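In the order they appear, the protein sequences are chains G and Y. Note that full-length UniProt numbering gives residue 157 to position 157 of the first sequence, counting from 1, and the numbers run on in steps of one. Note that full-length UniProt numbering gives residue 527 to position 527 of the second sequence, counting from 1, and the numbers run on in steps of one.
Please keep in mind that the hints were generated in silico from the structure rather than gathered at the bench. Please note: incorrect hints may appear among the correct ones.
[As the list claims (entries may be wrong)] Pairs of lysine-lysine, DSSO-like flavour, derived with a Cα cap of 30 Å: (1) G/K181 x G/K135; (2) Y/K718 x G/K120; (3) G/K119 x Y/K304; (4) Y/K651 x G/K135.
[Stated by the list, open to error] Not close to chain G: a few residues of chain Y, all C-beta gaps over 10 Å, as computed: (5) L123; (6) G185; (7) P257; (8) I316; (9) F380; (10) Q381; (11) T382; (12) I383; (13) T385; (14) R425; (15) I488; (16) E563; (17) Y600; (18) N815; (19) A922.
[What the hints assert, rightly or not] Partial list, computed: chain G residues near chain Y (C-beta under 7 Å): (20) F19; (21) P23; (22) K24; (23) P75; (24) N78; (25) E83; (26) Y87; (27) Y93; (28) Y95; (29) F97; (30) F106; (31) R109; (32) L276; (33) V279.
Just so we're clear, the structure is a prediction, and the values are computed from it rather than from any experiment. Backbone N, C-alpha and C fix where the C-beta goes; we use that ideal spot for every residue, glycine too.
Each chain, written out:
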Amino acid sequence: MNSDVIIETRNLTKVYRDFWGRPKVLALKALDLKVHRGEIFGLLGPNGSGKTTTIKLLLGLLFPTEGEAFLFGEPATNVAKNERIGYLPEESYLYKFLNAEETLHFYGRLFKIDPAERKKRVDQLIDMVGLSAAKHRQVREYSKGMQRRIGLAQALINDPEMILLDEPTSGLDPIGTSEIKDRIRELRERGKTIVLSGHLLADMQDICDRIAILHRGELKELGQVRDLLTVQDVTQIKTKDLPPAALTEIEEVVRRHGAELLGVDHPTTTLEELFLRIVRDSELHPGRRRVGDRPGMPAPPAGEDGSSAPTAPAAGRAS
Amino acid sequence: MSALSLFLLLAWAQAGGEPAAAADPAASPSPSQGASAESPDTSAPAAEAGANPVAAAAGGALPVVQPTALLAEELANWQKWALLIGDPIRTVPVWWGPILSWVKIVSLAGLLGWVGAWVMASLRGRRRARVTIGGARPLDAALLLAILIGIGCVFVRQAQQSEQLPQVDVAGVALASLVGMLCLGVGAAWLETVLWSGILRERRIGDVLVLVGMHLALLVAVGIALSMPSGAMPYLGARLGFPPDATLLTPEGELTPSGVVAIVLIGVQMALTLMGFVVFLRIALLVLGEVSAIRPRRLYAMGKFSWVESFRKTRIPWAVLAIFLLILAFTHWFLQPPDSQRQAELSRLYVGTLMLLSSVLLTVMVAVLTPITLPNDIRFQTIFTVVTKPVRRLEIIWGRMLGFMGVVTALVLALGGISLLYLERNIGGRIEQLRQEIAEAREAGLDNQAGLLEAQLDQLQTRRSARLPVGGSLTFVDSLGEPRIKGIDVGQELEIRSFVEGATQAEASWLFGPMIPHPVDRLFPNRPGERYPMLSMPVPVGLLLHEGTIEDLANDIYTVAYERAELEARKQGAEPSELSRLNAEVSRLEEQEQGLLREYEALVARYSDLVQQAEAAGDAPEAARLREQAEALRSPDVPVQMTFTVYRTTKGRPGEPVYASIRVVHPFSAEAPMYPGSRENSPLLIDPLARRFGGNNPLIPELVHSDTFDVKEYYTNKWAFPASMLVGSQGYLTIQVQCLSPTQYLGMAEGDLFLVASQGSFLANYMKGLAGIWLQAMVLTAIGVWAGTFLSWPVALLITVFFFAAGEIFFPILNQLATGQMIGGGPFESMIRMVSHSNQMTELDATLGVILAKSLDAIVVPIMSLLIFVVPNFSAMDLSNLVADGFAIQWATLGANILLALSYAVPFSIAAYFILKNREVAA
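Here chain Y stands alone, though its shape is the one from the complex (with noise of 0.2 Å):
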C-alpha cells in the first residue's frame, strides 16, 4: 500500500468508510451485513412491503456506522475507550454514540476547511521569496514532486498487485510503500510550514492556540497508540485492513516493520479524530458566541425580506403553484388503476403522484430559489447596505433560510391543501359511487357482484388510512419440515419474496416478542462465532387489548403473576431480613391477584348476562344494543394484514382462489418453539399460572387459533384472531402461514404480514408525508444557501443539484462505495468494463490500461467515499410511499427524520455562515 493511497485510506477511514471490509474479522460477522444478506425482506420495496414502516425508520436513523464492539482482551479499559472514541468508522455503543460520531464527522469536516481555509490565506499573504527553484519555492517544488511520485507509487503497487512488476521489499516493507511514506512526509512539512507561517503572520491569538491544541492531540494520539500491548497487535491490524496473514509480530513478541506501520497508523486515525475535536471546540465557541448575540428582530427582518423577493423578484412560488394546477388538471387522464378489481391501486397512484409532484415542484423551486439570491445580491452590491448595518453574517444565513422555508411552508400547506381536495374528489368520488353500486347491486339480488364491489370498497378504504404496521421475525420451514431462513427462490430476479410449496408441511412462521434471537441465531442456537443482537419486535398488547375489558383484565393478572413469579424466584437463596420483605410482598400481590380475579369473574358474568339478555330479547333493536354492550366489555380481535403472492406451477382451475392456512401460537404452547432447529421442543414462556388452572385456563381459551382463508392476489388480505390469545404473552406470539392448495407456491417477504395496531387519520397521516417533503427542502434550503455564499449563481445551482441528485438518487451507490461493496471496481475500472463489454464478476486482464484504471480508482474512489457523510440521504426523509400504502408515519419516525435534516441543515448553515463572515463581499 502507498503512502499516498495509505493518505487517502486514513482520510476515508476517518470519515467513517469500513476499509477491506472482508479482511476485517471483525467486520464480516456483522449483524447487520448479515441481516442484509440472509433475509432479503428487510428492504421490501413492492407493494406495502415496500413501506414498511420499521424500515424507513432506520432509514431516518443518524449518518452513522453500525458499532461491532469486537475488542482485544489485552486492552485496558481505558485504552478500549480512546480506541473507540478515536475510531470514526464504529460508533461508541452507548446511548450518546450517535451524537459522537456526528459530531466526529464535523469535526473532521471542520479539520478539512479550517486547515484548507489557512492554506489559502498563507499561500495568498506570502511575500516574494528569496530562493527559487524554476520560479517555486523549493519547498513547493518538494510538495509538487511528491504528489507525482505518490501517484507513481500507486500505480506501481497497482501494478504489482497484479504480478505485472516484481515486489521489491525493504525490511519487509515494500520499496513503494515507504517511498510512499516518504512523499507523505514531505506533505507534512509542507502543511506545517505553510500553516505556522499564516497564522503567526496574521496574529489569530485563537488559530495559534488550536493549532497548538492540534499538535497536543497528536501528542496524545502517538502516546495512546505507543502504549497498545503487543498482543492486540493482530486485532489492531485487523480493525486497519491489514490482511488476516500479515506478520506484526516476531515470534518473540516484537513488532515487525508491518507492525509499526499499524502503530503508526493508528496513531495517525486517532490524532485526525482528536484535532478535529480540537478545531470542533473552536467553532463550537465561535458558533455559540454569534449565536447569543442573534436577534430575533433582525432574521425576522432577512426572513420577510427573502419571502418578499421570493414572490415578488423572483416569482418562482407562484410558477410553481401554477404549474401544479396546470398538471392537475389532466392527470385524471393518466392515473388508471390497472384493472377494474385493483381499485386499491387507484388511491395508490393518485396519492404516491400528488406527492411526487408536490416534491418535485418545491425541490426544484427550492434548488433554483436559494442559489440565486444571495450571489446576485454579492454582485449587484445590494448586500453592501445589508452588511453595514448591525446584522451578523449568521443572522443573513439563517433569515434568509428562514424566509426561504416560510415560502416552502406556504406551498406546501397550499399544494397540500389542494391535493387533500382533489383526492378528496377523484377517491372519495369513487367510494362514494362504489357505494352507490354496492347498493344497487344488493337490490338487483346480485349478491357475487356486491361481495365484489365490496372487497373493492374495502381495498381503498384501507389505503385511505394510516395503519400504524406491527412487523415480526420471519423464517421458513421446508417441505420436509426442516427449518430455514429462506423460502424457495422461484428463479424471479426481481422477486424479493420467499416462497413456500403449496399441500406441504412447509410454513412461513413470524415471531413477535420484545427480546427474540436474530432468525440466524433462532435456527443455528448451537452455531459457532459470535451472536447476533437481539431483536425487539413486540406485539404492543397494551393497545390491542383496552381498558377495562375482559381481556385486559386478564392480562393485568398475568402481570401480577410474573411479579409474583419473579419474586418467588427471588426467594432463593435471599438473606433472612429479605426473605421477609419478599414474603410481605407476595402476599400483597396475591392478595391484588385475588381482587383482580374476583373482578375478572364479575365481569365475564356481567358480559354473559347481557349476552343472555341480547338472545331472549325479542326486540332487535333492543338485542343489537345488548350486544353491543356487551361486546365493549371484550377488546376487539386483533387485525391482521397480509399482502402474498402466488406463484403457479399450474394454470389451477379458474377461478378458484389459492388457499392457506393461518396459525397463531400463544407463547405459552409448545408448538411454536423458539428455536425450532433445537431437539427441545418447549414454550416460549412459561405460564406463571399454570398450577392454579391447570390445563383448563379460563382466562386464555384457546393457546393455538387457527383458520384458512383464500389468497388474494394484489389485495390487503385481512384475517383477525381473539384479543385473549393476547393475554400473558408479555408480547410474544407466533403467527404461521402455510399454502393449502397442490402445485401452487405462496410467496412471502418479513414486512407482507403485520398486526395492525391502530388505525389513524389519512388527513394527519398525508400532512406528516408532507413534513418529510418539508425536511427534505429545509436540507437542500441550506445547502442552495451554502452554496450562494462562494459560488457564482450558475455554479452554485449546478451544485444544489448535484446535491439533491447524489441523495435522493445516488445514494445506495454511495454506500456501496463507503462500504467496499462496489462490484466491479471504481469509475475508471468500470469503465473499461463497459467499453470492453467485460462483467463485473471476472478479473480484468492486467493491461497498462487496467492497471492505470485501477490506480485512478485506488485515489479517486476514497474521496468519492467521503461524499456518503457529507451528501444528505434525501430519499430517507422521503415518507410519501407510507402515506400511499396507507401506513402510519409514527411520531418516532418524523422525529428521527428531523433530527437526521437537521444534523445536515445545521453545519452547512454553520459553513456558510463562516465563509460569508471571511469573505470580502465587495471583492
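If we strip away everything but chain G, and leave its shape as in the complex, we get (with noise of 0.2 Å):
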C-alpha cells in the first residue's frame, strides 16, 4: 500500500443481523475509497446513509460484514493502529464523573506519553478549547458545546496523525461551529489528516479538500470539493458594463465594443445543491447512480435558487 495513503477500504460492506442472525439492514456496501495524508475528507450522507458505519469500521467498533478496512497500512481491528489516530464520536460519549482535566489525563495514559509531556498536553489542549475556567468541573455540568470541545481535547491528546471526527458541529451554535472549523484548519495546517463526516453541507464545503457521498450505504460520488461543484456542461462569462443588446454574441460583441472581458469560466453550485440533487436523483433511480455519473447530472431548475444558477446559456467549454 502507497505510504501516502492513510485509508484504504475495499469491498466494505455492513449488514446488520437481528437476534437470529437474519440480515437486517444494509448499512454499506462494497465501499472502495482511500484517503491520503494531510487532506480533509468529507464523508456525506442523509441520516442512515453510513457515515457513521464507515467511521465505526475503520476504528474497529464494528466489524465488516464483508470487505477490508486498512489505516495506515494495517486492519482496522489492529489496536496499535490507535496510537496515530484521534476520534471524536458523534456524541460526546465521555464520562460524566469525570472533570476536563481528569478526562484528558485518563485517555492520556492510555498512550505511550511521558506523564510531563501528558500533563504539558492537557494543560495546552484545555486551553486551546477554551476551558482553563471549567477544568475542575465535572463534564456532567458542561453544556453541549463544551462537552463537544472537551470531545475534541480528547482526540488529539496523543497528537495523532490522523483524526476522525464524527459529525464535529453536531449540536454547536455558528460561533461553537466556527470555532470548530477553525481548529481542523489548523490541524490540516500542521499536516494532519482528517476524516469528518457531517450533513451541514457549507461546514464541509468550507472545510474539505476532498468528499464522498453516501446514499443508503452505496458511495454515490467522490472526488475534489471544487471539482464536483463545477458545472462542467456549461460556460459561464462574467463581464462587466456590457450592454444588454450585446447577449447574442457575446464575444464579438465584447471585443467589437472594447469592452473588458474579465473570465471565461465554469459556473460552480453550491454543496447543498449538489448534495439534494443526487440524494433526490438516488431516490427516483435506485441503484441507476454511479460515481463519476457527473455528465448525467441534471441542470439546476431556472429560478430555484437564483444565485446559482448559471446566468449564460450553454456554450460547450470554454478555454
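With the hints in hand, could you dock these two chains into one complex?
Printed below as a string of C-alpha cells:
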C-alpha cells in the first residue's frame, strides 16, 4: 500500500442482523475509497446513509460483513494503529463523573506519553478549547458546546496523525461551529489527515478537500470538492459594463465594443445543491447512479436558486 | 442407554463427573467415599469441630476429583498414561496431576466455547440456501429431527428400564440406543459441516489449524482406543459405568457389540480431552501474546478509572460503609451469650457476625457494581472513546478488575479496622470487666465465684487467639473392649459425635503419626480388598519441643540413635567397601550421640541445681527467678484441648460434673498398638536406645501419662502432658479418653481433641479471615465483569448473584449431583415426589408422568452436573468460622485458597477477554 494512503477500504460491506442472525439492514455496500495523507476528507450523506458505520468500521468498533479496511496499512481491528488516531464520536460520549482535566489524563494514560509531557498537553489542550476556567468541573455540568470541545481535546491528546471526526459541529451554535472549523483548518496546516462526517453542507464545503457522498450505504460520489461543484457542461462568462444588446454574440460584441473581458469560466453550484440533487436522483432512480456520472447530472431548475443558477446559455466549455 | 443420554453422559464425564459410581468397582472402594461414610467426624460442623482447619484446607483444594489409580494389568505403560491423561474423571496421581485436571476442565470449557462461537459465526454468516425443506436447509432439518428422535430414545429407554416397554435388541444392543447413536452421527455431521464452512469462509489460519488439530486428536484417540487389549475390557467397561454383568467379550475373547460400544466411548472420551488440549493451546498462545502487550500504565489507568467510577458514579462503596456502621450501632442489642456461663459464645457471636456482615455487604457490593458498569459503558457508548485508544481488551478486563479489587481492598480494610475496634470495645471490655470481678471476688473471699469467672475469662481469651490445632485419627473401643470405627449412636439425628459409655471399657483413641493406616485398615488389618491411602497426622515435635531444652536435646539423641539404627540395618548383606563406609558412619554417630548425652546430663544437672537453689532460697522473688530459670531449660507441657458433649441417661447429682480419664501413650509402649484388632500387641516404634538404658530410660521418664478431669460442656477443656512424652516419638502418639461416670455417655468427634502446636495473634488471624472474604470478592468480580461483557446489566446482575448463591449455598447439592449421590432422582422426579408426598427412598410407580420426569432428568441432570466445574466453591474460601472459633488460619490454607480463587478468576477473566474482543461494541 502506498505510504501516502492513510485509509483504504476494499469492498467494505456491513449488514446489520437481528438476534437470530437474519439480515436486517444493509448499512454499507462495497465501499472502495482511499484517503491520502494531509487531506481533509468529508463523508456526506443523509441520516442512515452509512457515514457513521464507515467510521466505526474504520475504528474496529464494528466488524465488516465483507471486505477489508486498512488504516496506515494495518487492518482496522489492529489495536496498535490507535496510537496514531484521534476520534471524536458523534455525541460526546464522555464519562460525566470526571472533570476536564481527569478526562484528558485518563485518555492520555492510555497512550505512550511521558507523564510530564502528558500534563503539558492536557494544559495546552484545555487552553486550546477554552475550558481553562471550567477544567475542574465535572463533565456532567458542561453545556453541549463545552462537551464537544472537551471531546475534541481528548481526540487530540496523543497528537494523532489522523483524526476521525463524526459530526464535529453537531449541536453547536454558529460561533462554536466556526471555532471547531478553525481548529480543523489549524490541524490541516499542521499536516494532519482529517476524516469527518456530517450533513451540514456549508460547513463541509468550507473545510473539505475531498468528499464522498453516501446514500443508503452506497457510494454515490467521490472527488475534490471544487471538481464536484463545477458544472462541467456550462460555460459562464463574466463581463463588466456589458450592454444588454450584445447578449447574442458575446465574444464578438465584447471585442467589437472594446469592453473588458473579465473571465471565461465554469460556473459552480453550492455543495448543498449538489448534495440534494444526488440524493433526490438516487431516490428517484435507485441503483442507477454510479460514481463519476457527472454528465447525467441535471441542471438546476431555473429560478430555484437565483444566486447559483448559471446566467449564460450553454455554449460548450470555454478555454 | 440412548445415544443422546450417552452423549450427555460423556460430556458430563469429560467435565469430571463420576458416571454410575455404584456400578464402578474402581469407585466403590474409593478411599474418600469410604472415609466420609465411615467417619462422620471429618466434616463436623458443630462448635470447634466445625472449624476443623484440616477440613477447611481440604475444602480449599483445587476442584479436581481424587485419583483412584486402579489400572488393568493387561495395559502397557503408555496405554495407562494415555488413559489417565485422556480421562478427566481421574486426576493423574503425580504432583502435577491437579494442575493437569484444571487444564482439562478449562480445555473442555474452551472447546465448548470455541465450537459454540464458530457455530454461531458460521450460522450468522451463511448465505441463502439453494435447496430447502420447509424453509430449512436439509441438514438443519435432519438435525432437528435427530434431536427429537434422540429425546424420544431417552424416553423409550426409561420406559424399557421401568419394564413398561419390551426391550428390543439388535446384535445385543438396544434398538433405541442404536437409533440414538444414529442421531448422534447426524449431529456430528451437522457440526462438521457448519464448522468447516464457517472457518474456511472467514479464512482464519489459526482456527483452521485448530480444526485440523482437533481431527488429528480424534485420530490419535481412536488409535489409542483401538490399541486397548481385549483383556482390559472388563476394567474399561467398569470405568465407563457399564454394569458389572455386562458382556463385553465373547468366550473366545472377541468384542461383543457392547464391547465395541465401550471402545468407541473410550475413544470419544479421550478425543474430547485431546481436542480440548488443542483449543487450550490456541487459547494459551493468544492469551500469552495479549499478556505480552499489556502495559502497567494502561492497567493503572483502567483501574483508577474503575475506582473513581465506583465512588463517584455508583456511590455503592459509601452505601456499604454507611449500612455497616448503621447495623453495627444496634448489633449489641441482639448479640448476647446464651447464658452467663457461656461467655466464650460472646466472642464467637461477635466475630462471626462481624465477618458475616462484612462478607455479605462486600459480596452485595461486588455483585451489583461489577456487572453494571461495562454493560452501561457499552449501552451509553462511552466505551467508544476507550476502545479507540491503544488499550487492549484484556487490559480493559483486568484493569477494571484491579480497580474494583482496589475498592474491595479499601473496604475490607475499613470494615476490618472498624470491626476490630468494635471487638476491642465489646469483647476487650468484657474481659476487663471479668478481671475486675475476679479481683473483687478474691478480695471478698469468694474463691468459687472467682474460679468460675476465671474459667469464663479463660474461655473468652481462648477464642480471641489463633490456635494451631494438630489432630489425630479417631477410633473407638466399645464397652466389651472390641475395637470399633464408631462409638455409640445415641439416636440424636443432628449429632455428629459418637459416644462412649461411662464406667466401662469403652474409650476413644486418637492416633497421631506421620504414616498411619486408615482407621478401617487399623481395625481390620487383614480385611480383603485394597487398602486405603496412609494418613499423615504427625505431632509437630519440632514446634512443641523448644530448642536447646532438656527434652529437645533428648530428642536429638534419639534422632541420632534412629539414624544409627538405620545404618546398622543397612550393614546386613552390604558389600565390604560399603560396610567399611557404614562402620565409619556409625562410629561418627556414636561419638555424636555420646557428645549429646554429655550435654544432656550437664543440662539436667544445671536444672536440678537451679531447682535446689530455688527451694533453698529464703527470698520468694529470688526463688521465683531461679524457678523461672530452671523452667526455661525445659520444654513447656504439651497443651491438649477438647470439646466434648455429654449424653445423660440419668440426671446424676445436681452440680456434679461428668468425669473422664485421659491417657497419653508413648509409641514405645505396647499399651496403644497401631492395630488394636490384631492379636499381637506390639508398640508403634522400637526404642533404639532400649538396650542402652534397659527399663530405666532417663530421657523418657514415663511412657504412659494419665489423668482425670471433669468434662465441662460447651467449654474448651484444657489439659497438658509432659513434653518428655514426645522424646523419640517421631511424631507418633496415642491419646485415649474414657468416660468414668456411670450411666453417662461422652460424645466426641475426630476434631474434638487436638494438640495446640502454637498460639498466634488474633489480629493477624482476623486479617487472614478478611483475606478469605477478599478472595471471594475477587472471584465474584471476575464473574461480574465476565457477565457484563455479553449481557445487559440486569441479566448480568442476576447471573452474578446466581453464581454466588450456587457456590456459597448450593455447592453441596451440586456435589451430590456430580457424584451421583443425589437421592430421590433429579429435579423433575423430585418435583413428583414433592407433589405426591413420596419419600426419597422408595421407587416411584412407573406411570407416564414418572417415566417422562425420569427422561427429562436423564437429559437435565448431566448438564446440571457440569455446573460443579464452573460454579466456584465460595464456601471453601470462607474462613470466618476458623477466626470465630479461635483457630489459626495457616498460610498453607490461605495459599490453597488463593490458588483456588485464581483457578476460577483467571479463566473467567480470559473468557471475558475473548467475548469482548469478538464483540462489536458499537453493534
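Tested hints:
{"no.": "1", "hint": "G/K181 x G/K135", "in the structure": "holds, 22 Å"}
{"no.": "2", "hint": "Y/K718 x G/K120", "in the structure": "violated, 69 Å"}
{"no.": "3", "hint": "G/K119 x Y/K304", "in the structure": "holds, 17 Å"}
{"no.": "4", "hint": "Y/K651 x G/K135", "in the structure": "violated, 81 Å"}
{"no.": "5", "hint": "L123", "in the structure": "violated, 6 Å"}
{"no.": "6", "hint": "G185", "in the structure": "holds, 26 Å"}
{"no.": "7", "hint": "P257", "in the structure": "holds, 41 Å"}
{"no.": "8", "hint": "I316", "in the structure": "holds, 13 Å"}
{"no.": "9", "hint": "F380", "in the structure": "violated, 7 Å"}
{"no.": "10", "hint": "Q381", "in the structure": "violated, 5 Å"}
{"no.": "11", "hint": "T382", "in the structure": "violated, 5 Å"}
{"no.": "12", "hint": "I383", "in the structure": "violated, 8 Å"}
{"no.": "13", "hint": "T385", "in the structure": "violated, 6 Å"}
{"no.": "14", "hint": "R425", "in the structure": "holds, 37 Å"}
{"no.": "15", "hint": "I488", "in the structure": "holds, 64 Å"}
{"no.": "16", "hint": "E563", "in the structure": "holds, 62 Å"}
{"no.": "17", "hint": "Y600", "in the structure": "holds, 66 Å"}
{"no.": "18", "hint": "N815", "in the structure": "holds, 36 Å"}
{"no.": "19", "hint": "A922", "in the structure": "violated, 4 Å"}
{"no.": "20", "hint": "F19", "in the structure": "violated, 10 Å"}
{"no.": "21", "hint": "P23", "in the structure": "violated, 10 Å"}
{"no.": "22", "hint": "K24", "in the structure": "violated, 11 Å"}
{"no.": "23", "hint": "P75", "in the structure": "violated, 12 Å"}
{"no.": "24", "hint": "N78", "in the structure": "violated, 10 Å"}
{"no.": "25", "hint": "E83", "in the structure": "holds, 5 Å"}
{"no.": "26", "hint": "Y87", "in the structure": "holds, 4 Å"}
{"no.": "27", "hint": "Y93", "in the structure": "holds, 5 Å"}
{"no.": "28", "hint": "Y95", "in the structure": "holds, 6 Å"}
{"no.": "29", "hint": "F97", "in the structure": "holds, 4 Å"}
{"no.": "30", "hint": "F106", "in the structure": "holds, 6 Å"}
{"no.": "31", "hint": "R109", "in the structure": "holds, 4 Å"}
{"no.": "32", "hint": "L276", "in the structure": "violated, 29 Å"}
{"no.": "33", "hint": "V279", "in the structure": "violated, 25 Å"}
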